[in-house]
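Protein chains in written order, with this note's numbering: chain A, 1 to 298; chain B, 1 to 273.
Because the hints were derived from the structure by calculation, they are not lab data.
Think of the CB as a built atom: it goes at the ideal place given N, C-alpha and C, for glycine as much as any other residue.
A few of these clues could be false.
Stretches of chain A that chain B covers, calculated by requiring three or more beta carbons in the stretch to come under 8 Å of a beta carbon on chain B [claimed, not checked]:
(1) 55-67
(2) 124-138
(3) 188-202
Stretches of chain B that chain A covers, calculated by requiring three or more beta carbons in the stretch to come under 8 Å of a beta carbon on chain A [what the hints assert, rightly or not]:
(4) 59-69
(5) 76-90
(6) 112-119
(7) 182-195
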Amino acid sequence: MGEGKILAGFLAPHPPHLVYGENPERNEPRSTGGWEMLRWAYESCREKIKAWKPDVILVHSPHWMTIVGHHFLRVPHLQGLSVDPIFPHIFRYRYEMNVDVDLADVCYEEAQKEGLVAKKMTNPNFRVDYGTIVSLHMLNPDWDIPILGISANNSPYFYSTEIGQEQMMKLGRATARAIAKTGRRAVLAASNTLSHLHYDREPELVEDMNKEVIFNNNQYQWDMRVLELMRKGKTDKLMSILPEFMEKAAAEVKSGGLTWMLAAMGFPQIPAQVHGYWTVIGTGNAVVEWDLTTGVMQ
Amino acid sequence: MPKGTIQRAYILPGLPHLTSQMPVDSWETLRRGFHQAGEQIQKVKPDVLVIYSTQWISVLGHSFQTHSNPKGLHVDDNWYEFGDFPFDLRVDVDLTTRAAGIASSLGLATKTVNYEGFPVDTGVLVTQRFVNPQNTIPVAIVSCNIYAGQEDSLTLGRAMRQAIEESGKRAVVIACTGLSGRFFTEAIDPQQDRFSRAEDDTWNRRILDLIAQGKSAEVLTLSAEYAKAALPDMGFKAFAWLMGVLGTPTAPGKLLAYGPVWGTGAAVVEYAL
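Chain B with its partners taken away, still in its complex shape:
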């Protein structure tokens, strides 16, 4: 069996605002980026979409979805006005189980999750809606352990890479995460959506510029400072996980879209590998 490969990788936002029909400039920009990513993914016809979502929070180590067909109806805790998310996912159980096993052998606390009615998170479902709307591509889903630091996140990514290589599959890998994380904490007119702090925008652009130059290692080095300054989504550890999967490449990440969502930063970034 040939070694599995990673065809493409993405950083994608996971806020439900983007699935609404609201004609907000920045949301439109992000939707276009999302659609562009989705078209590319459909063209590549991967065997599996591997998704790490910052909105699937775990505390007992790292969780892996191993139910073959999670289905149900999800409503976001915060943004329930943006509608319901019916879901009916096909999970690549073999790949996910193997990734969990490898992660465990590397010293990480892991759990597989195989329960009817388990609440799939908003990030995964937003991603699905844009890039896999017909549910034609199986998924492998990994949680965001709130206590994991950069090293553990890199290790978790490496475990997934090894599992993909062993599987012989062609994968597309997605880090579903926001950038700067300062939400507006009051009702706003969505048409007036903007970054809640100009400094956060500056920080996001600095990070995205480095990504565009292929300076992934530098982004990892800066991540702690970025986390302190701009409060990125879950400390931006999704990026560390992605770098673990990709081996911290020098390939540039192409920025497809960038803008604010309710004051926070969001971007669509593509790695063509």
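Next comes chain A alone, as it looks inside the complex:
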């Protein structure tokens, strides 16, 4: 077995609206479309992922919030009906996924070596959160690649942004070592929106794009500032402004997914490709790719 490697990382936002807009068979509600800029962005990523033939997609989701440590899905096969508790009218999705439990075991061990509290989720009746499902569906709707779901530990909220980010960096390093040790060719997904202030009322037609605008211009400006740094490969600068971004734009990246992913990739100073940006119920969302197969990390 050769040493594993990370092929790419994606910022992979998870509003269920994207699945709803696409109308896949697995999702019960029907729409007339909407949010195409993000959905088409994901379509470009799907093609690349298929071509790479990765062994596994790892996803860090803010909607699997855990209090005691960082948890890894550790059940070989999970399936069920996911009804979004927030948006049940647009997301009622039948999921079925194979979990890379061997990788989960090694991630768990490596996380512990970093001094993190880690747990393996072994309850076969566990309901996978919609953040995990939406990001994975949008990246690979065929579900023919094993996955590994990782929880978002609540440390940024219980302690401080700094402590939370530190934990995510350790988790990222642990994940990278686990991938290397297990010989996996892996794709990472940080299931995060950017700015996260949102409207609390929906239009009558949920997918009415005439009503879909950013919550405020400050959020938009912050999103663009962050995306510009990503596009230019200024990852160090990006990391230095993330805490302010989290505070000023209520950015969902506070939950740790982006930091985890960048840490796992060794904070690559390579230009990221922004496949698309659009708002969902007022939040800022971007599909962004760091392709390590062509960058300095190869």
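Could you slot chain B onto chain A? The hints should help.
For chain B alone, kept in the frame of chain A given last:
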């Protein structure tokens, strides 16, 4: 039709630790309190249990469960080791729908939720297991809107009170909430469970003392300070909702049990109205 009445009201904790068989002192105390509440509720034979749960989080306003028979199997996201929660609930759809309508007319954003497979939350299911284990009493379930402040929570409660009165039903009302909210964030020996901060315990006791003296209005006034100091479950807004339903009574709330659960505060409080 006679006006509906509220027979009893409770503050109940909703963490799944209490449904385990683990012989932890504080958990045992809380279980006894829960059983005491359950026995009383069964004696009262209400037409409906009205439950507001801090663990049913909503962001698009306030949600109301209007599926007549939610059923399924629930596993807690955090505490999955405490087992599965099969459920098969009977919902009082008329009361719930009316409460949502009144809340909406009072200017609150509301949504009714009527979907197969909707994830009923741990708090509701823990409560059910203790106070309505045979599922003999229909329920009305209301979400906790994370953006609601005290005023909106009071208004939401008032809407439910009006709906109960109009329904002619005899109701028991439950605010399913924890007290101080600082969990231990590492594995602990449950036998060593305690408050994660002594100051949180002090704050909880201060609040519970006021409740025991019938000083509900004072608790509402103190809630913001309590929220900042002890990080109570969802800002303790479940209490504001309960006060909205009960009309901020001067009747004392009887403390049936109090103790820590994984570092947080939990209490069983009864209002005999």
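- Query: Checked against the structure, which of the hints given earlier come out wrong?
  - Reply: none
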